[in-house]
Structures are given as structure tokens and as C-alpha cells.
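Position chain B against the provided structure of chain A, taking the given hints into account.
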Amino acid sequence: MEDTITAISTPPGQGAVALLRMSGDRAVEIAQKLFRGGRCALAEFPPRQQVLGTIVDAGGDSIDRVLLTVFSAPASYTGEDTVEISCHGGILVAGSILEALVAAGARPAEPGEFSKRAFLNGKMDLTQAEAVMDLIAARTSLALRSANRQLEGKLGQRVNELREELLGALAHLEAYIDFPEEGIDPESSEGICGRLIEVAKVARDLVATAEEGRILREGLAVVIAGLPNAGKSSLLNVMLGFDRAIVSETAGTTRDTIEEMINVKGIPVRLIDTAGLRQTEEQVEREGVDRAQRELKGADLVLHVMDASLEKVEQTGFTEEESVVGRRILVLNKVDLGVHPSWEKVDGIRISCTQGSDIDLLVEAIFKAAGREGLNFGSEMIAVNARHRECLERACKHSEKAAELLSGGESPEFVAIDLREALDAIGSIVGKADTEELLGEIFSSFCIGK
Amino acid sequence: MQNAAYTFPKSYDVIVIGGGHAGIEAALAAARLNCEVALLTQNLDTIGQMSCNPAIGGLAKGHMVREIDALGGAMGLNTDATGIQFRMLNAGKGPSVRAPRAQCDKKAYQFRMKHLLETQDGLDLHQGNVAGLQVSGDRITGVSTNLGMSFRAKAVIISSGTFMRGLMHVGKQNQRGGRMGDAGSTLSETLLSLGFRVERFKTGTPCRLNGRSIDYSACERQDGDESPPLFSFMADTIGAGDDIAETNATFTLNQWGNPLFHVEQSPCWITYTNGSTHDLIRSNLDQSPMYSGMIEGVGPRYCPSIEDKVVKFADRDRHQVFLEPEGRHTNEYYVNGVSTSLPYSVQYEFIRSIAGLEKAEIIRPGYAVEYDYCPPDQLFSTLETKTVEGLYFAGQINGTSGYEEAAGQGLVAGANAALKILARPAFTLSRADSYIGVMIDDLVTSGVTEPYRIFTSRAEYRLLLRQDNADLRLTPIAETCGLACGQRAERVRIKAQRLSEGIKLGGQLVHEGLKLDAWFRKPDNTVSGLPRALLNQFPEEIWSLLEIEFKYAGYIQRQATMVERTRRMETYLIPSDIDYSILSGLKNEAVVRLSAVRPATLGQAGRISGITPADIAVLAIWLNRAEKA
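Residue numbers (numbering that gives the first Met the number 0), protein chains in the order written: chain A, 0 to 449; chain B, 0 to 628.
Only chain A is shown next, with the shape it has when bound in the complex (with noise of 0.2 Å):
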């Protein structure tokens, strides 16, 4: 059984719609976890025909509403099942619909992946075949040559470090398995544990950066929100240097989001103002509300803004999850109208944004608030992307697994499984390790033979 595979078949970028593929002997099962909607399962649903519903994460909330279309083997592009999504534009919907995709069982494709089963399951002529080559070999050099960049710097050299962790204690257990009349210390197992512990530490701290690259690469996503006339719109505005929401004395005036990308000092910043948190019959509004509630949701970063010249409420529409991640910056607005002496002992940025005063603080406050999200702007500038970012999890899981099987008192064989399972997910990203690679590490560290 070929592994289920899956990818974002169009272009990064703003776009109206998105295309999600997935391909293997799961790909149908797979869906079909994320999917809600249609008149029967997928499974039974005729293929090549579309189908609306709502993709959800693991939690069951929504992610996107989505068409889905299934193509069953061999009616498709790769011969295998397949499964296509078409969600809105957009890096984030796409991506988090790839993240769930992955979390219930796929795997990220490789770079003309999809083009190679269909190979393989023999869906091309030759002719056809050489012109996807070509393809796939410009595809393959320009994510090798996007991948040598990072591989030269820092995160080739940690996950080179890893990788050479891995191979020393996977050939130390190897040594003491098939060479038991050597007189091979056991006792070090200890030491070994240690040292995939250290791994899966270094393979999480370099998962953290996924995050960071994230970032740089859509921004930071900085989400205004609050109750309805705080003056939401007009720190947008104020922080956007012209009149972009429309503001009014009339409360919920904003109905829908609206996204503008700034600069916070170096940091892309994707400034999105929200409807005034209320509960509301009018289904306009409502609409509005829920499109807050899921950006709140998506948010790195939230601008609470509260009115200062009003007695202090308990504000409503923040998850708990929210609070206590402490992602959030109370921003207390209108101060040129007095602070309410409720307001006084109260922790937060106070601003003016019809004087437009101290908007400064507010700024500083959010590149601070980045930078406790991980981000780190020195020289190192490295970041993973999500396919380093799977293979990273694996080995960190299953090192971690390893060092607990050992540690537990499993015979060495057994913990060889996860510690090779490591290794190969480290293996796929700045190549492979095989068994002479392995040989050479016993025989070089270990004076083996009778």
C-alpha cells in the first residue's frame, strides 16, 4: 500500500479559489474524516462529480467551505484515488485545510509526486511522460536549490547535528545487538537516552521556526476586535495612515473584515479589522460577528480595544484559549474623552486615535508581543517549511518514543524500529542514511571482531 499524499495544487498567493489534492488508497477515508456535507458518504458518492460542504479540523470547527470532487482508481490523474478541494484563496484557508489533511493521515507530497504515480501506474505515453520530467526536474532542482540555500546555513548544520546524534546511537544498539561477544557496554543506554531526548528537544525547537517562517512569509496576523464602537476601524485606520474602514457614531458599522498588510518595524503585519463582538438578530451583523469569532481564532496576535471613557466591562466573545495564551493587547482607546476611574488599575496601551496619540506605544507593544511569539530577527534567519516541518515532528516523536522504550528496558531491536523511523525522517531532509553508512559508524566507533 503506496502512503496517501497531498498538496496545494495551485500557486501560493491571493487568489479567488484554492486547490487542494490528495491521492492514495486513503485519500477517500481521509476526506471523509474532515468532511461534512453532501447526501452520503464519499464513498458512495459518483465520482468526478462535485459536491459542497465544510472541511473541519481536528476539533471539528470549520475551516472553509469547500467544493469536493472525488476521482476513484484508475479514472485519475495519478491512477489512484484521488480527492480534489477547491476552498477559497488565500495561503491560510488552503493551508490549515493541508495541515488537517495531514493530521488525519496524509502525507505532504513531494516535490512531482503526484506526476510520478501517475507514471508509475502507467496513466502517461512516454511523450508525455519526458515533457513532465523535464517538469519534475525543474521542480527538483528549484526546490533543491531553494532547500541547498537553507541546508548551507544554520538549519543544515542542526540537522545534519541530528542526523549524526541518530546514526551514532542507532549504531551503538546495532553494535550491541549483533556483536554480543564484543563486550559492547549496555550501561550507556542511559547516555543514548539522553541524547534522543536532546534530539526531539533541538527537532521541536527547530518545528518552532515552521512558525516563524510562516510569518515572514504571510505575516504576522494581528486581529482588531472588542465590542462594537470602541473604535476598531479608526485604529485601523490611524495605523494604516489613511481612511480605510468606514467609521461611524453608530455602533456595528463594520460588518465584514477587511485585511491590510503593513510594516510593524520589519515585521509584515496582516492588520485585520473585525464587527464589534454583540449579540444581534440582524443576520447581516450575525454574519459579521461569526467572521470575527474565526479570525479571532486564526489571530498570532489580538488588539482588544476598549472604550476608556466608559465604566469597565466584562468583555464578552473571547474563548478562554484566547486570554489565557496571552496573545492579546488591551488597547484602551479614546482617552482624549477621560478615563473612566475604573480603567485606572488596568494593565494596557492607552491611546487616542482621533488625536492619533501614542499609536507608538501600541506599535512597540506588537513587535514586542512578536517577538514573544518565537520570532527571531538576528543573523540566523532560519525557518523550515511544512515539509521540513512533518519530517522534524516525526523524528522528534519518534526519538522520543525510542528514548522511552529504552529507558523502559526494551530489548534493543525494538527501539531500533523508532530510532531508524527517526533517522529516515531526518534522512529526507538532508539525505539518507543506509546500512554502509551504518557499518562504517560501528566499525569506525567500536573495535569489533574476534
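Some clues are possibly wrong.
To be verified - The calculated DSS-like cross-link candidates involving lysine-lysine, where the alpha carbons are at most 30 Å apart (straight line), are: (1) A:K32 - A:K344; (2) A:K400 - B:K92; (3) B:K358 - A:K400.
Said to hold, decoys possible - Simulated DEER-style distance windows between Cβ atoms: (4) B:R492 - A:S61: 45 to 51 Å; (5) B:R315 - A:K367: 24 to 30 Å; (6) B:T570 - A:Q49: 31 to 37 Å; (7) B:S226 - A:S443: 38 to 44 Å; (8) B:L471 - A:G14: 55 to 61 Å; (9) A:S61 - B:K503: 25 to 31 Å; (10) B:A517 - A:E197: 33 to 39 Å; (11) B:R281 - A:E160: 47 to 53 Å; (12) B:E563 - A:D56: 28 to 34 Å; (13) B:E489 - A:E160: 44 to 50 Å; (14) B:T600 - A:L66: 38 to 44 Å.
Unchecked claim - Derived coverage of chain A by chain B (criterion: at least 3 residues anywhere in the stretch with Cβ under 8 Å from a Cβ of chain B; other residues may be distant): (15) 169-182; (16) 406-419.
None of these hints come from the bench; they were simulated from the model.
Backbone N, C-alpha and C define an ideal beta-carbon position, used for all residues, glycine too.
Quick look at chain B alone, frame taken from chain A:
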């Protein structure tokens, strides 16, 4: 090829050149398949000789002997019959990495093996030194000896060991020959002229001592296991009086007397080198042919000479030395761990610097031997050469080392030579069903860079390839092609049947509130904790297999899934006559590698170093189109 003066009147199906561990299994396998077989050897007295240490088995090697036995080979039974010490290595680790190892009575092993060959129906023995191969077109037709005699055959298997252009070194003295006391062979010159690539390897052996000169009180004693772990699934037929073909009523040192296997076990002794040993060796390196550049062949890293150990692991203050008895009726001891090619005088001194060996009498010096081998990517996985039809290679000629590796190849080569003559399907093993399959795939796909030895770490499906299930894995395959039959095949059928009954029961029967299979997954639960009534349902052998199946079900399933995932690529067959240079889209490097290896399947092609997924894709397209055309 010069015309031979005399042609032997009988025309053979299969001729095997060489009577070592590969040649023996090759000749027996072909004869078991009812071919007319001749085995030619330089010296009938050296059939089945253990040229290096007097031991069989160990990790992966012991697994392989069990596999050879499951396939109807002779090595396992002969080891059980002539072993003088039996141990199960890694007994404290998991079931897949436990392996039996035995010290053998070297002479008894040989004599018994020779008798076995002498009594095998359809097998003739001839003493003779083969000098030439007779080839017509690109087909083998026979061989000729250096005495001008020729033999006709439809297939020829070369298992020449270290004899082709063998050159032995002791210090800076060297002499021709494949083993101390024996001549060499010029056969590789013929192979060169037929277009084979020939390269050079080196191996070595330590000196032997007279046991009376060893001070055992200064050594640690190592005894065998009670009860002895055995190699053959048919060990109970040894000396039991049952006249089954495999034992053929030949003599035995050990025998089965129900319910025990009776072995008089001899101990090995352990001592260590020390600082002065190392100083002596270091100060005489200039007299070592290895270190003075006289030896051009590449030696094995896993079996370094003591010179290598001292140089490469300079921080080690001692190295382990095993003193292994060579037999019950000889006082000769093998000094395992100090393989060397230093001059005799230096050997004498450094041996005497070792605790317990202060007065040691060396009765044979250690030496290094260089020899020719043919890089094994010149073979199909049947071990037939790609260059000459009907010509097969097995053992050290393929760049391997070890008795067990040689025997495994011999069996595969012998079976295939016979099956081809009988126009029956080839006998090939895969990486998923055996260590023999792993070895042969490694050899024909990746070639060798040093003398090849099998390790468990080479097997990606290690958990499935246990020593205790070799018969279940392989005997049915052997039965299909005629290598195993009768009692052996019948036993495995019953065993498989009982095992599947047990597995079924495990999913149904409740014990201590748990289904039996789940009960076994608790770490402390073992067969011994089951009530007698339940135990009586299956023999002990089946219970121990069931325990493993249940306890490690998760891991076993995981590996089975891996096997399934890769199997698909093995079903895409590549024709052997494909011209890679006409496939547009293949890189030059890929054309060169693929043309050299000529992989049999897409899966094998993918394992060749330097072959990318893009190359595989091009190949897949071509295959698909060729199939449709």
C-alpha cells in the same frame, strides 16, 4: 580454451568446482533435485574444511544456518552432529536477535560431510584442479583440469573460496596458495578472458596453539548452554536410527536420546592482550605486509587483524582473545582475536606476552591471504552470471566471507542450476522472507566494497526473520521447488496448522479476565504462567511461538505493513535484455549503473545507489509501454 586430451565419459547436468561450504550445499541441492552432479575439488581431504575458526553460527549467521536447514541443506545437521559447544547468543534480548552458535570438532565436521557427499545419490566426487571453462557461444559446456582432463556439463558452479590466484603472507615472505598447505587456482585468468571483472580481497587468520602449553588458570572459562540450542529442525533424527535420507546413517558425535540431545561440551577460554602486546606489535609494524603496502586487497572491517586493532583503536588498553578448541581428539586451539600477518618471530613474541599464553607453543602461524573475486553485480539473483549462461558463482568468489554465507549461496546456486536444466521456475528468496534473500539482494544490487558478512542490521524486516520460524518461512517454499520433502515438509505443515489454531484460540479464549492474546501482551506474563490444562493443548514449541506472536503482535504487524508497502515495486519485472541507453530521459549515470546491475524488478532498481525516483519513473513508463505493445 585448449582442447583437453581426455574427456570423462559421463556427461553431467551440474559440475561444482570446490568442496567448501558453498560447494557442498550446491552439489547436494542439485542432486536432491535429481540432477546428475559432479563435485571437483583439488583435495578430497579438505572437503568442508573450516579454514578459519572452528565455529558455526552467531548473530545473523546462526539465523542463516537455520534457514539453510529449513531449505533441506546439510550445514545445520552436520553442525549439530559434530558440535562440541553450543550457546544461544543474546538470550537476554528479544526473540528475533537470539541466535545459536556452536564450536565444532573440525575434523569430525569434515569427515561427516565428506561421507554425506559420498553417499548422496546422483553425486560423484572427483579430485582435480580445474584450470579452464569450456564455453560455446555464451553458454557453458564443461570444464577442464590442469591434468588435461575435461568434463562435460550443462551447468557449472564455481565456489573457489580464496584459491583463485591466492597469495599468502607471513611477514614479508609470501607464497602462492589459497590456504596454508594447499595450492592455488588459475581459474580467474579464464574468467578474465571471458570478460568478467576480477578484483582482489584479503582476509587473515590467527596462529594455532598446542593446548598443553596454555595456562588455563590465567583464563576465564566459557561453557556451553545446558540444554544445547541446536541448528537443525530435524536434529532429533541424528543417530536416532531412523533411516531418513538426510542423515543417511553416517557417524555422529552427538545423538538424540529422548528427550535430550546428548553432547559432551568443551569449554572455550578467554584472555586479553595488554600494553606490552600492543607495544610489540606497534614496534614491528614495518614488518607487516599490510602496513608496508605489500597487500593490495581490501580486508574486512569487522574482522580486523590485531595490527589494525592496535593502530585504529590505540586508546584501548586490551583486546579480548578467545581460545577455541578445534576438536575433541586434538589439542589444537584457535586463538580468536589476533588474526595477523606479522612475521613468525613477532607472532611468537606477542602471543607469549598474553596472560595464560606465556609458554604457548605456536603449531601453525597466522597469515593473511589475498585472492581474486568477481564483483557480484555481475550476477542475477539466481547467482547465474550475466555473461555466461549456465555458469553460477557461490561463496568467496562473490566477495563474501563466512562459512554460513557461502553455504547459503551454494544452496541457491545449486538449486537454480538444477531448476534451469529441468526447465522449472527459478528459486529466489526475498529480503522479506530470509537472511539469505537479504544477502543475495545486497550482493547483486549493491556489490561489495569489503568481504561481505551478514548482520542482523542489514535486514529491514529483522523482527520477522527469527531463527525459530525459519522452517515456517522457508520449508514450504523449498517443498514447492523440490528441495525439501518427506518428514521435514510434513512436520512444518503440522506446525503451521497448530500455530494457526493457537492464534485463533488466542483471540477467543479468556484467561484471567483477558483474551489470551491481550494477556500475553502484559510484560510479565509468559507461557509458564498458564494453567497445565491449557498448556496441554499445544506442544511447548508451539507455545513459545505463540508467546512471541502475541507479545510482539504490534511490532510484527508494523513490519508486515512495511513489507506490503514495498512488495508492489517488486512486482514490476524488468526484462533482462533491456537496452538502457535507448531510454530517453535517463541520466548517463543511471544508464551506466542500471546496465551494470541489470535489476530484475523496479524495487531492486530503486535500491541501487545513485538511482533517483525520476529514473525509476522513466523506467516504469517504458515498462508499461512495452507491456502494452
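TODO: Check each numbered hint against the structure and report the violated ones by number, ascending.
DONE: The structure breaks hints 1, 3, 4, 5, 9, 11 and 13; every other hint is satisfied.
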